[in-house]
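Student: Based on the provided sequences and hints, a complete structural model is requested.
One line per chain: the protein sequences are A and B, in this order.
Read in order, the letters of the first sequence are residues 103 to 424 in the numbering used here.
Read in order, the letters of the second sequence are residues 64 to 372 in the numbering used here.
Since the hints were made in silico from the structure, they are not lab data.
The structure presented is a predicted model; accordingly, all values stated were derived computationally and were not measured.
Quick reminder that beta carbons are idealized off the backbone N, C-alpha and C, glycines included.
Be careful, since some hints might not be right.
What the hints assert, rightly or not - Derived EDC-like pairs: lysine to aspartate or glutamate, alpha-carbon spacing no greater than 20 Å straight-line: (1) K161(A) <-> D208(A); (2) K317(B) <-> E291(B); (3) K71(B) <-> E392(A); (4) K369(A) <-> E392(A); (5) K325(B) <-> E291(B); (6) K419(A) <-> E342(A); (7) K394(A) <-> E358(B); (8) K71(B) <-> D399(A); (9) K268(B) <-> D104(B); (10) K237(B) <-> E138(B); (11) K71(B) <-> D375(A); (12) K327(B) <-> D362(B); (13) K419(A) <-> E291(B); (14) K328(B) <-> E314(B); (15) K71(B) <-> E371(A); (16) K394(A) <-> E76(B); (17) K419(A) <-> D355(A); (18) K317(B) <-> E349(B); (19) K369(A) <-> E423(A); (20) K327(B) <-> D261(B); (21) K367(B) <-> E314(B); (22) K71(B) <-> D362(B); (23) K161(A) <-> E287(A); (24) K71(B) <-> E372(A).
Claimed, not checked - Every beta carbon over 12 Å from chain A, so not counted as near; a handful from chain B, in silico: (25) R97; (26) A142; (27) Q364; (28) R370.
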Amino acid sequence: MQTELGSGVDFYVNKAIGSAMESPGVEAIGAELVEVRWHGRGGQGAVTGAKILARAATKEGLWIQAFSEFGPERRGAPVLAFNRIGANEIRTYAPVEEPDVVVVIDPALLERAVLRGLKAEGWLVVNTPFSPRQVARNVSFSGTVATLDAAAVSREASLPPLANIPMLGALAAATGLIQRSALEEAVFETFRASLGEETARKNVRAVNLAWSQVRIGHYLDPGSTEEENECALPSWQELEPGGTLYQPGSARDYLTGMWRSSYPLFKREECNDCLRCWVFCPDTSIMTNEGKVTGIDLQYCKGCGVCAAVCPRDALKMVPEN
Amino acid sequence: MGRSLNLKELTRETPPLGPGHRLCAGCTASAIVRLVLMAADRPVVVVNATGCLEVATTVYPYTAWNMPWMHNAFENAAATVSGIEAAYRVRMRRGELREPLYFVAFGGDGGTYDIGLQSLSGALERGHRFVYVCYDNEAYMNTGIQRSSSTPLGSWTTTTPVGSVTVGKSTRRKDLTAIISAHRIPYVAQCAISHHMDLMRKARKAFDATGPAFLNILSPCVPGWRIEPSDTVRVSQMAVDTCFWPLFECEEGKLRVTVQPKEKKPVQEYFQIQGRYRHLLRPEHEALVAKMQQEVDQDWQRLKEGRIL
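Tutor: Below, the structure written as C-alpha cells:
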C-alpha cells in the first residue's frame, strides 16, 4: 500500500492489504485487536514509530491505525502516539484507553502513570539500561516487561541517539506482534524514501540489534493496580458550567521541568541584575529576591536557552542535563 | 499615575501568567502577555480567543492565569470582552461595583486578522473601553503551521509550500495595524517582544486610552518559523532592525515611529536566521527578495513621513 509515512501531519490509516486471515502477530498476543500506546516526547519519533509499526502490519495483511494525540503538548513535551492492529476492519476511532502494549521511548517518562489502562496481561516495553525486574519493581507492574538499552543500540548501529527504531525492534521481538522481515522491510522503505539507502540500512541494523538484545521478564505481583489506574478527571456531569476553574495559577502543579534536555547554569558573580532573563523567560523560571536574580526554578524551566541568549554578561550558560 | 514600569519593582509581584503552562520551549507568547499585563495599574479581566495561548495555558483542570480569564470561541474574543465591559459599566452605574478595572482580549493572528476580525471591528466601532492584543506569529501555529492573512509574502507554511511551482506564500500580508487605525480609535501600536520597555510603555498608553486600544505584537514561533528555541528574542530584534516589523504608535490619529534602528539592515539578514525563509536566499529568488526589500523600504518611508497608509 502507498501511504505517506514520513514525518508530517498526524494521520489515520485503516486499510487491509491482502488477506486478513493470516495474523500470526495478533494470535501471538491472543486477541483480535491489539492496541498500543507510545510514550515519548515531541521530536523523539514516537509518531514515526507508530507509523512504521502500522506499515509493517499491513505487510502481514492486518488492519491498522496509527495516530497521535491531538492536544496542546508542544515540542519537548510528553506526547502519546497510538496503534490499533487487528485481523478485522477497525471501526473505532477513539483514543486508546486500555492498551495491550505500552512502549516508553524516553526513560525519564517511566513512572506509574504510563501504566494507565494497561491490561493486566499486557506488555510494558521500556527504553532503559535496567532489567525487566527492576522496571517491574520500580512501577510495581504485574505482567510482562521488556527492556532495551536503545541508546546503546543506536550507538552500535552508528545512528543518532533516537530511540524509536530500536524500540520498534524491541516491541516486535518481545510481543511477537510483527514478524521481523515485515518490520525490516517497513523500516527500510520508510528511511530509504526520506534519508537514503545507507541510513535505511543502519536503521534495519538497529532493528536487528534490538531484536537480539531485548530482555523479557514476566512478573506476577499480587498487588492490584486498578484503583490507581482510574482516570482522575471528573465526568461531564460533574464539571462546573463552562468548565470554570476557581484556583488561579493552578498550572503550577504541572511541572514542565521534565521537558528539558539542557539547563541554564547561573553564575551569581557575573550577574549585574539587568533582569533581561527575567523579562524574557517564557516560564517565569528566573527566581528573584528584592529585584536581584537568585537562581533558576528547575521545576518549570523547559531549557529553551532564551535566558542565556539574552544575558549581556556570562552569568547564564546552557549545559546538558546529566 | 499608577505604578512605575520599574522592572526591579515588578519582580516582587505575582506574575499575571504563571508557570506550568504548556507553550513550546522558547515561545514568546507568555512573555508578551506578562509584559502587557504588568503595565496595568488596575485589576484586569482577560478574554482569550482560541489559539496556542488559550489552549496551552488552560489545559483542564489547570490554569496558568493569575487573574479572571475567559475563553469563548475563536471568532468572538472582542465580542465577549465587549459584553463583559458593557455589563461592568452598567453595574458601576448602578453602584453594584466600585473598583476601576481594565479589560483585555488576547488573540493570535488567526483569531484577529482572519476569524475574529468582524467581531473586533464591531467592538472597536462601538467604542468599548478595552485593549485588544494580537500576538502575531504569522500563521496558524496551533493547528500545525497553516498560512493566515498575516503570513508574509514568500514565507513557507504547510499550506504555502516551497517547491518548483510555488515559493511560499504568493501574496502580501494584510496590514492589520492600518485597518485597525482606520477605525479611528484613540490608540494603535505595533510592538515587538525584543523591545520590552517600548512594549510596556505602549501597553500603559493603551490602558490609559479613553476608548478601544489595539496592540499588534510580533511573536516569533519556534516550530512555525523554524528557529531555535533560544533564538526567539534575537529574531524579533532582527525584524525591527530590518524594518520588516517597524515599531510605531498612532495616538489620536497622530503617527510616530517609536524605535529607529541604529543601522537599517537588509531583509536578507532577517531571512537567513529563519528556516521558513531560507529558500529565499537561493539565487533564483533574488528578484522576489528585491521586491520584498522595496516593499519594506516604501512602508518605512511612509511611516517616517507620518502616514500609516
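Student: Is K394(A) within 20 Å of E76(B), Cα to Cα?
Tutor: The given pair, whose Cα atoms are some 14 Å apart, holds under the 20 Å limit.
Student: Does D362(B) sit within 20 Å of K327(B), going by the straight-line distance between their CA atoms?
Tutor: holds (13 Å)
Student: Decide if the proposed pair is consistent with the structure: K369(A) and E392(A), CA atoms, cutoff 20 Å inclusive.
Tutor: Within the cut-off at roughly 18 Å; holds.
Student: Take the C-alpha atoms of K317(B) and E349(B), compute the straight-line distance between them, and say whether it is at most 20 Å.
Tutor: violated (36 Å)
Student: Just to be careful, I want the Cα atoms of K325(B) and E291(B) compared with a cutoff of 20 Å; is the pair within it?
Tutor: violated (26 Å)
Student: Given the hinted pair K419(A) and E291(B), is their alpha-carbon gap at most 20 Å?
Tutor: Holds. K419(A) to E291(B) sits at ~16 Å (cutoff 20 Å).
Student: Against chain A, does A142(B) keep a CB gap of more than 12 Å to every residue?
Tutor: holds (16 Å)
Student: So if I understand the rule, the pair passes when the alpha-carbon distance is 20 Å or less; does K394(A) with E358(B) pass?
Tutor: violated (44 Å)
Student: Under the criterion that the straight-line Cα-Cα distance not exceed 20 Å, is the pair K161(A), E287(A) satisfied?
Tutor: holds (9 Å)
Student: Hey, K369(A) versus E423(A), does the alpha-carbon distance stay inside 20 Å?
Tutor: Distance of about 17 Å is within 20 Å: holds.
Student: Against the 20 Å threshold, does the CA-CA distance of K71(B) and E372(A) hold or violate the hint?
Tutor: holds (18 Å)
Student: Does E138(B) sit within 20 Å of K237(B), going by the straight-line distance between their CA atoms?
Tutor: holds (18 Å)
Of the numbered hints given earlier, the model fails hints 1, 2, 5, 6, 7, 14, 17, 18, 22 and 25; all others are met.
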